[in-house]
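> Counted the way our numbering counts, the sequence shown spans residues 27 to 275.
No wet-lab data here; the hints were simulated from the structure.
Just to be clear, a hint being listed does not mean it is correct.
Cβ-Cβ distance ranges computed for the label pairs, FRET-style [claimed, not checked]:
id, residue 1, residue 2, range
1, E126, K268, 15 to 25 Å
2, K268, P133, 50 to 60 Å
3, S208, I51, 20 to 30 Å
4, G73, H110, 38 to 48 Å
5, Y43, S241, 22 to 32 Å
Using N, Cα and C, we set each Cβ at its ideal position, and we do this for glycine too.
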Amino acid sequence: MYIMDNILDLKDLSFSYHSLSGETIALSHISFQVKKGEFLAIIGPSGCGKSTLLSLIAGLIELELGEIVFNGNLRIGYMLQHDHLLPWRTIYKNILLGPEINRTLTPEKEEYALKLLNDYGLYRFRNKRPGELSGGMKQRAALIRTMMMDPELLLLDEPFSALDYQTRLLVSADIGSIIKESKKTAILVTHDLSEAISLADRIIVLSKRPATIKSIYEIKLTKHEDGPLASRNAPEFQGYFKKLWEEFT
Numbered sequence: 027m028y029i030m031d032n033i034l035d036l037k038d039l040s041f042s043y044h045s046l047s048g049e050t051i052a053l054s055h056i057s058f059q060v061k062k063g064e065f066l067a068i069i070g071p072s073g074c075g076k077s078t079l080l081s082l083i084a085g086l087i088e089l090e091l092g093e094i095v096f097n098g099n100l101r102i103g104y105m106l107q108h109d110h111l112l113p114w115r116t117i118y119k120n121i122l123l124g125p126e127i128n129r130t131l132t133p134e135k136e137e138y139a140l141k142l143l144n145d146y147g148l149y150r151f152r153n154k155r156p157g158e159l160s161g162g163m164k165q166r167a168a169l170i171r172t173m174m175m176d177p178e179l180l181l182l183d184e185p186f187s188a189l190d191y192q193t194r195l196l197v198s199a200d201i202g203s204i205i206k207e208s209k210k211t212a213i214l215v216t217h218d219l220s221e222a223i224s225l226a227d228r229i230i231v232l233s234k235r236p237a238t239i240k241s242i243y244e245i246k247l248t249k250h251e252d253g254p255l256a257s258r259n260a261p262e263f264q265g266y267f268k269k270l271w272e273e274f275t
């Protein structure tokens, strides 16, 4: 039975890629629910179908077997590995791109864009072009562009993977905090176990292809401070890391 607290329910999903050389099964009998306001991480070996799963949820590829049930007509935002900001537009103009394309741009939305830029520390860079910003700042701008559409569900496909380690640590914590403070529901695909533990309320571990669900972990960390390292310094962190590492060895 579908529970109304769930924003999303995946029921027995299977998916294969077809080519002249034959069929490649990517996902096999995947079932899980996502609660409203939850931050879910999905990890698994390279090529196991994590990004395919996000594409199915977003409706970018057609479902073959199974069912995806949304709680209402959800607005979905999608953040990819690269920011895909248009280099000839300013950061402010990039952020307004969605409403422009949808022909829903209003003075109120222009004000909202400026508010988000201010809230997320990019207001003084609003008239800069992407090439003038650091990788971390561009990813933050990409998040603001996504948030402009007021999504109820955020799909994050390794959005920090192109950043160097130190920047990735800071930006992932920063964006994770923004998402949680805005009470958005999010699904993160990542290869980084530490990232998954530090950001997620729950982690789903997929097997190698064809992917099935190997295990699910509820993440509960004791944090005595704020900041990007707080979760990683929690006493439970190493225990979760060890268990997840053992899933891949």
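> Each hint needs a verdict: does it hold in this structure or not?
Each hint tested on the structure:
Between E126 and K268 the Cβ separation comes to about 48 Å, which falls outside the hinted range of 15 to 25 Å. At roughly 53 Å, the beta carbons of K268 and P133 sit within the given window of 50 to 60 Å. At about 37 Å, the beta-carbon gap between S208 and I51 misses the expected band of 20 to 30 Å. Checked against the hint of 38 to 48 Å, the pair G73 and H110 fails, with Cβ atoms roughly 23 Å apart.
Taking 22 to 32 Å as the suggested C-beta distance range, the pair Y43 and S241 conforms, at roughly 25 Å.
Figure legend: structure checked against the earlier numbered hints; hints not met, in rising order: 1, 3 and 4.
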